[in-house]
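Protein sequences, first through last, are from chains Y and E. First residue of the first sequence: -2, per our numbering; consecutive thereafter. First residue of the second sequence: 47, per our numbering; consecutive thereafter.
I should point out that these hints are in silico values taken from the structure, not numbers from a laboratory. Bear in mind the structure is a predicted one, so any value in this text is a computation, not a measurement. One or more hints might be untrue.
[Claimed, not checked] Label pairs and their calculated CB-CB ranges:
(1) Y:PHE22 with E:ALA521: 23 to 33 angstroms
(2) Y:PHE51 with E:ARG78: 42 to 52 angstroms
(3) E:GLU540 with Y:ALA49: 44 to 54 angstroms
(4) Y:ALA49 with E:TYR56: 24 to 34 angstroms
(5) E:THR575 with Y:PHE51: 44 to 54 angstroms
(6) Y:MET29 with E:LEU516: 36 to 46 angstroms
[What the hints assert, rightly or not] Covered by chain E, per the in silico footprint, the following chain Y stretches (three or more residues, Cβ under 8 angstroms):
(7) 8 to 22
(8) 28 to 41
Backbone N, C-alpha and C fix where the C-beta goes; we use that ideal spot for every residue, glycine too.
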Amino acid sequence: MGLDIRKPIGLLLLAIGLQLALYGFLDASMGMNINLVWGAVLACVGGAFLVAGFWGSRKSG
Amino acid sequence: MHIELAWIDYLVLGTYLLFVLGIGFALRSRTRTSTDFFLSGRSIPAWITGLAFLSANLGAQEVMGMAASGAKYGIATSHFYWVGAVPAMVFVGVFMMPFYYGSRARSVPEYLRLRFDEKTRGFNAITFAAMTVFSSGVSLYAMGILLAALLGWNFHMSILVSGVIVLIYVFLGGLTSAIYNEVLQFFLIVAGFLPLVFLGLRDVGGWDGLQTRLHAVSVARGFAPGAYTESWQHMGSAAANPMGVEWFGLAMGLGFVLSFGYWCTDFLVVQRAMAADSLSAARRTPLIAAVPKMLFPFLVILPGMIAIAMTESPAGTGFHLPAKPDGTLNYDMTIPMMLGHYFPPGMLGLGLTALMASFMSGMAGNVTAFNTVWTYDIYQSFIRPKASDAHYLLVGRLATVFGIGASLGAAYMATVFNNIMDLLQLVFAFVNAPLFATFLLGMFWKRTTGHGAFAGLVAGTAAAAGHHGLSLPAAAASGVKGGWIALVTQYPSEMAQNFWTAIWAWSICFVVTIAVSMVTIAQEESTLTGLVYSLTRRPEETGTTWYLRPGPLGVVILALVAVLNILFW
C-alpha cells in the first residue's frame, strides 16, 4: 500500500484550517469569528493527524 | 437564491481538488496488477476501509436528501440510520463477510456464480452495472443543477470538471485511490457541516428551543406536538406522523428488506470491505462504519429540522426555505440555504467543498464498483475469459473512462428525459428489492439451488413491478407513481408504498426460491465449502481484545443504537 493516509488527511486539514484562520485573523464578514475559531480547530486536528502519520512511519520504519 | 463566492472560497475548494488529484498521482506507481486496481491488493487496514464503506454511501443525494427529509419529516428521518442501516451493517460484518471475503470472490456477482450458477451472476452483474452508471449520472445531474442555481456556474462545465477529476484519480490509482479519497472526503464532510449544526442550534435556543418550535410546527400541520421530535411514539398509524408510514411497514420494509438488501448485497459498499487486509479487518469494516453512521443524523438531519423550525416559527431568525412554483416548500434547498445563511466567505468555501466532496465520493464509489463488475463479471466471464492480467488491468482502466462517459451521458439524458430517469430508477428498485432473500437463502440454507435462486429473483422482481402497478399513494395520479395496471390498494404515502413493494418482492422471492430449490437437483456439498454457513468453519478470533472481535463489537453497536432509539422514542 505504501502511502500513510494520515499524512494527506493531516496536511489537507492543516492547509484549509490555516487558510480560514488567517483569513479570519486578518475581514468583517453569533458575533463570533467563525473562520478564526473553526480554522484553528481544523489546523489542530490536521496537525495531530500529521504527527500520528510521521510517528507511525518512524515506528514502522 | 444566488451566492457570490470570494477568493478565499475558491482557494479552499482548489486546495481540496489539488489533494484529491495528488493522491491519484501518488498511488499511480503502486497500481501494477488487476488485483491492485480492483481490490487494492487486499492490503488496507480496517479503519480506512470502514470510513470508506461509510463515505462511498455518503453521496450528495444522501447529504442533501436526508437534510431535506429532516425538514419534511423531523426526527423520524433517523429511522433511515438507526433502523434502516446500522442493524444491517452489523449483520453483514458478523455473518456475511466470512463468505464474501473467505470465498476469495472478487465481487458480489462472483459470489453468486460460486454459490449458484452463471445465469444468476449474469442477471445480478448486468443490472448492477447499468444501475451504478445511471445513479452516478443522476447524482451528476443533481450537482450540475445545484451549482448552476446556487453559484451561477455553467451546468456543462460543472459536470465535466467533476467527472474528469474523478476519472483522473480512479484511472491512476484504482480502488485504493477511491478509498483514500473517500476517507479524505469523510473528514471534509464532517468539517464542513459540523459548524452548521452548532450555529443553527445556537440560533434556535439549543435542543429545548428547537423542540418548542417544532411542537408548534407539528400542531400547525395537524399532528401531535411531538410528531417532529419523537421517532417512534407516533408510528402507530400512518396518519399520525409526517412520514405517512406505520411501524410494521417501517420495520419490515425499511428495517429488514430494503436496508439488508442494500448494505448486505450492494457491491458498491461491500467492495470496500473486500479490500481489507485480513478477514478480521473485512468483518470489522462495516462495524467501524456503523459508529459514525449512527451519529450522522445529528450532522445531516438536524440542519433540516432547524431549517423548518426557523421557517415556520413566528419568532423569525431571518431564515426561510424557498418555495417551489406550486407554492410548497423546496426542502431540497435546505443545506444550500443553511450554508448561505450561516457561513461567511471562507467557511462558505469549506461548506461547498464538503458538498463537492460528497458528490465525488458517491460518484467514485459507483465508478469503481462498475469497472470491477464490468471487467470480472461481464468481460472476463462472457467476452474474453483467458487473457493476461495486464489485459484486464487495461480493460479496467478503459471501463473507468467508459463509466465516467456513460455517467455524463446519463446526466444529459436526465436534463432531457427526466421522466425516463424516474422510470429507470423505479425498474432498478424492482430488481433490488428481492435480492436479500436470494443471498440469505444462499448463505444459510445449503439446499438452495441455482435454478431456485434465479427463479426467485425473476419472480421477486415481477412481484415488485406487479405490486407497484396495482397500488398508488394517496393523491397521486396513475403512471410512474403506480396504479398502471389497476388500482387495488391505496397507501397513505409514497414511502409506505415503497416499503410494502419491497416486502412483497422479498416474500415472493423467498417462497419461490425455496419451492423451485425443492424440486431441482441439490448441489454437491463439497462445492459449497466456504460459501454456506453450515459447511464453513467459524473464524477463530479468541485471544484478541473484545473491540477487535466482530461479535462483541456488533453487540455493543446494537446496544448503542437501541439507546439512541429509546432517547428519541
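Now the hints, each set against the structure:
Restraint check, PHE22 (chain Y) to ALA521 (chain E): a C-beta distance of roughly 54 angstroms breaks the suggested window 23 to 33 angstroms. Between PHE51 (chain Y) and ARG78 (chain E) the C-beta distance comes to about 27 angstroms, which lies outside the given range of 42 to 52 angstroms. For GLU540 (chain E) and ALA49 (chain Y), the Cβ-Cβ distance of about 47 angstroms falls inside the hinted range of 44 to 54 angstroms, so the restraint holds. At about 30 angstroms, the CB distance of ALA49 (chain Y) to TYR56 (chain E) agrees with the hint of 24 to 34 angstroms.
Between THR575 (chain E) and PHE51 (chain Y) the Cβ separation comes to about 45 angstroms, which falls inside the hinted range of 44 to 54 angstroms. MET29 (chain Y) and LEU516 (chain E) have their C-beta atoms about 56 angstroms apart, which leaves the hinted 36 to 46 angstroms range violated. Under a criterion of three residues with beta carbons nearer than 8 angstroms to beta carbons of chain E, the stated coverage of the region 8 to 22 of chain Y is upheld, 9 such residues being counted. Beta-carbon proximity to chain E at under 8 angstroms applies to 5 residues in the region 28 to 41 of chain Y; the threshold of 3 is reached and the given coverage holds.
Of the numbered hints stated above, those contradicted by the structure are hints 1, 2, 6, listed in ascending order.
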